[in-house]
Amino acid sequence: MALPPEQQDIDRPLSHCKPGDRVTITRLSSPYVASMATRLGLVEGCTVTCQAVVPSGPVVVRRGGMELAIGRAYAAEIMVKKTHSAMEALV
Amino acid sequence: MSLTPTSPALAASQQQAVRGGESNPYLCYASRFLAGRSLQAKEAAINPDQVLVLAGNPNVGKSVVFNHLTGSYTNVSNFPGTTVDIPKGYLADNRLLKDTPGVYGLSRFSEEEQVAKQTILQADVVINVVSAATLERDLFLTQQIIDFGKPLVVVVNQIDEAQRLGIEIDLARLETFLGVPVLATIATEGKGLDDILPLAAVARCGTHTPDVPADPDALELLEDNPAQQLQVYGQRRRYINGIVREVVRHLETGQPKGWSGRLGQWLLNPFVGIVSGVACLLMLYQVVGVWVAGDVVNFTEGTLMLGGLVPLIQSVVNNLVPPHGHPLLGALNTILAGEFGVLTMSVQYIFGVLFPIILGFYIYVSLLEDCGYLPRIAVLCDSLLSKIGLNGRAVIPIVLGFGCVTMATVSTRVLTSQRERTIASTILAVTIPCSAQIAVIVGLMAKIGGLVPWLLFMASLVVVLTLLGTALNKLLPGQSSGLLLDLPPIRMPLLKNVLKKTWVRTVVFLKEAAPLFMLGSLLVSISQVTGLLVWVQGILAPITVELLNLPAQSAEVFIMGMVRRDFGAAGLYMMSEQLTSLQILTALVTITLFVPCIASATVIWKERGLVESSIVLLGSWVIAFGTGTILAKLLAAVPFI
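Protein sequence lines, in the order shown, are assigned to chains A and B.
In terms of this note's numbering, the first sequence opens at residue 20 and continues consecutively.
In terms of this note's numbering, the second sequence opens at residue 65 and continues consecutively.
Don't take each hint at face value.
To be verified - Computed footprint of chain A on chain B, listed as stretches where at least three residues anywhere in the stretch have a Cβ under 8 Å from a Cβ of chain A: (1) 192–201; (2) 217–229; (3) 291–303; (4) 331–337; (5) 446–460.
Bear in mind the hints are in silico, worked out from the structure with no lab data behind them.
Since this is a predicted model, take the numbers as computed values, not measurements.
Cβ coordinates follow ideal geometry from the N, Cα and C atoms, glycine included.
When you get a sec, could you build the whole thing from the sequences and use the hints?
Okay, structure coming up:
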């Protein structure tokens, strides 16, 4: 039996996340977003927690002590997948 | 790992920590770069011409460190060729310390970043403040400064916040990895701050990122090339994350605890955001609009000015320059102490009306800023602002605009693209009333009374703002950038910080406003005694009388408005006795949308160029009189008030 799409291990944009999701970044699409995100510490393979999603607005993610609001257009260019184990979350 | 401190400053701070019953292990940590050296030896080696520069990410406590190191001897000056503020101050030993805007790296993503980059690269010694709570993010800038070959020390601040989040840092190993002296502080409590300067005397060039050019010029060339920038950034980021994995231990990777974390989370809920936003506005109305503009101004304007100082000035002027005698002397008397007298009206408005209201407004804004509320509002406003070609970040210039449009126009430099800056500065120039103007508006609104005129006034401005922003977003070529904003934790504001900020802003405002206000009253008084005023009234009469339903002499209000917006509103205040509530409201909306004051017009010209500023100024005439006319005709047909 196939799992519903949100439970599968497929990449999806950060803008599709729900508050409380722990996700791992898999790809940063545009070079501009990638440069900005790299400075802030969001790189491929790092794990963030989705803190809040403003309806048709920004996604707020947390990593350590950093809380970052990412506008919807940028969040759509950051591909993520759900993090499952606690070990993965520590990376 | 633990080292014996030999410097008196460090030893003293340790003893203090022990005496205070502190169990914070970080504050007993002494840098190995200081160990074994005596303070005297280092003082002898200090070069008095050395320039120190503070650098760091936004919201890491840089300004508290700056204030501590420089005391009260600070001044703010513009970076050459720009209007980005670079606060400067002198250390106890007379060396110069410069502050820089908070940035995440030395790139060119905004004008502030360019200024920060240039200032940091010109420094002799860099004091890099990082937050222990966000070390991973902050070390990118640190490593970039190291890669550019600048001697630096790293001040790991906000140790207390990191502890609350369950984050532990091995500072001695961090020091080894970076190759520069590292110090732990809690700036808000003043802990560790006295050790910064002794440590800065042993600043080092650190360990470069592997495989990144060691030559600063070659590195800059590489980083400025869009194709190669990401590669360099990626290398640096991987190197930094490797260090962070070694030195940072997340005891709990979970959520922030306590009231601060819950409140911060809660304020991001749109419903809570709207309710809290409205509550903030109502509180502003109650505190500044009703209490300060009413009771306090009654006392400062009514009792202090009109009941004391102004009659005194008038009698002195009358004695020196008799009003009835030679016609020239009579004219001089009118200019000095008449209806718009340089010495009487200016003093009455600047000190009696504007000063208390602006003080109240700035305390309020500084409190909102310091507690971390504004960035959360920026997040909630992002989707609305994106419809007019801005992003959430523009909330800051707009809110500042309610203080001083001139200052806010300058602050549009935090916006990323030229397109956004054009939209933001136009909206500021046309639709946002500054606090000086609000001061007089609030006073006049109190004369009409009730909340309905306020709602009508704000609705008019919101409609114009929306239409103007939407039009600009459609017409201007290109695309605006999106939001990427760091949210500082919700904290209790530091009273000392809030008061200092408020005081600096108020003084800057008075220094800028007072001479222009006097110049304005001089010009209007001169046109009054020369008959110029009546002539201009005649020319503008078709607009003021026919379209806006205002008396002919209201034209002088608009002339005064060109000098300073609040000055125009002040002129309206003078003649408010002869106006109906409807006329006051119409005139207020028109004067608000009318040309920005001379100071902002100059800044817009400087920032946006001649063509753009001319379009903005001419456009504001059309928009102001157009909106005023619609409102006058509409309210005459449907009497709300």
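Verification of the hints:
{"no.": "1", "hint": "192–201", "result": "holds (count 7)"}
{"no.": "2", "hint": "217–229", "result": "holds (count 3)"}
{"no.": "3", "hint": "291–303", "result": "holds (count 6)"}
{"no.": "4", "hint": "331–337", "result": "holds (count 3)"}
{"no.": "5", "hint": "446–460", "result": "holds (count 5)"}
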